[in-house]
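Participant: If you read the protein sequences in the order shown, they are chains L and U. Per the numbering used here: the first sequence = residues 1 to 395. Per the numbering used here: the second sequence = residues 1 to 144.
Among the hints, a few may not be true.
What the hints assert, rightly or not - Here are the simulated SDA-like cross-link-like pairs (lysine to any residue), alpha carbons at most 25 Å apart as the crow flies: (1) Lys164/L to Ala16/U; (2) Lys111/L to Ile53/U; (3) Lys111/L to Asp32/U; (4) Lys91/L to Ala115/L.
As the list claims (entries may be wrong) - Facing chain U, a subset of chain L residues (Cβ under 8 Å, in silico): (5) Gly62; (6) Ile122; (7) Ala148.
Said to hold, decoys possible - Computed from the model, here is a short list of chain L residues facing chain U with C-beta under 10 Å: (8) Ser49; (9) Leu228; (10) Ala323.
Quick caveat, the hints were computed from the structure, so don't treat them as lab data. Glycine is no exception: its CB is placed at the ideal position from the N, C-alpha and C atoms.
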Amino acid sequence: MKRPPIPTEAAFTSPLRDPRLTARIGTWLGIAFGLCFATGLVSHWYYLSDAPFFPPVRPIWGYRVTQGVHVLSGIAAIPLLLVKLWSVYPKLFGEVPVGRLRPLLVNLAEKASIAVLVAASIFQLATGLANQSQWYPWSFSFRSTHYAVAWIAIGALVVHIAVKLPIIREAYAAPLPEPEDNPLLAPVSGNASTRSDHGPSRRTLLRTALLASGVAVVAAAGNTVPFLRKVSVFAARTGEGPQGVPVNRSAQAAGVLASVVGPEFRLTLAHGDREVTLSRDQLASMTQRTHELPIACVEGWSASGSWTGVRFSELLDLVDAPADADLRIRSLQQRGAFGVTRIPASFARDPLTLLALRLNGEDLTIDHGSPCRLIAPNRPGVFQTKWVSRIEVVA
Amino acid sequence: MRTRLLIGAVGVAMGAFGALRLLQLDLPDVIDALLWLAGGVLLHDAVIAPLTIGLTVLATRVVPPRARVRVTVGLVVLATVTVTAVPVLGRFGEKPDNPTILDRDYVLGWVVFAVAVVVGTLVAGPLARMVRPGKEKPLTPSAG
């Protein structure tokens, strides 16, 4: 007896693989993808330097929440996607109507759209998950590629919903449970049962997928939700670090030497031809203010700190910067993007925005941006420039 | 049908925008991204899915029928949540100059998680029978 090497769709016999289950898991997966896409767009907007209008300065925890939701909804989608792919796997071996042109083309077009959807979905979840722990096993730029493929994934998802709408309607019209549905309580072998294999019901499998999704979120959420730090065994960060705050990139990684941020350090403020230079002692002799502000990074971690320093707008007044002028911030960092960034006037002039010298009651360590760093409300961490050396009025 | 066509057209437009953005990257990056896109599908369809089916067939032979539901629930939770932990378990993003990232014992965390799943799987059946004794009558043959 010779078995065919490739199974047919009918070779898969589990009664769980049914549109009633697939449609319901698909709905939850669609919600996770929708949340992830929307918050991803928000993050992309925060990163744009040439947007027609900028994100608001309040609430101070805005980016902390949207980026936390972005990463956690992506993690929530992973168990859901795996179970959903399991439920439709036999379709991969579905019969291709060779011979008649129109059905063949329709069939191939649908297969292609599914291939795009599955490829883009796995790609987005895998690259996002790796980025969360700063793992980059590829050569392409994470940000631009993750953004481009996000549109492909969500577009393919919308097409998929349009194609499957009649099946989804039918699936929701039918009840999910089988007649003898009895989650957790499996009948003992030999007793009456409507199922032959004593396996779980469709409802149980749906609940299991949701349970796994919830567990995955809790196991990762300590990155950004402080009270979950103890139970989040898979969070990429405990939230600990020098001066009580984690470090995204160390001074060593950014190419900042202790010698250049020592006593001879000078901060330069520039407005056209006017320049004012200040030492760290001069900055410390200005009025110091303390604000509680979060650092929230694109990787999905965030932590709150108590920052002390000079109000940013008071520094700008030293060179009579116009109130509506954007500023260019230069860092001493030698490596990596974002060494030079632009801060819109709305953030620069916000009363909470500081050029911080201290964190949680101590002078900044070099990894936190000593001698001075920017800290503003509601901005991605990468724009909270460390080792600030020059602030220029953008003409 | 018109609604579906409209929704489909919106989806095609969104996807086309993404594809154009992708193709605007440098050619080596485009090729690398395409390889990763195809690699994910291959990994699932040719490795993960057949492995899952193989393990399911094995489990149906090993696991006693009365525990099959609980074991399925436990294994699905264990396996899918473990997938979300692959980057931290492998510590691939570890940096010697930054001890604030990957600063947990993730293997220990996984063992604790796995033990919790196993314990949950073991007690779920008896617990459910205690809570809802009337719903199951497996020990009285007349009930069959």
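Participant: So which of the earlier hints does this model not fit?
Facilitator: 5, 8, 9 and 10
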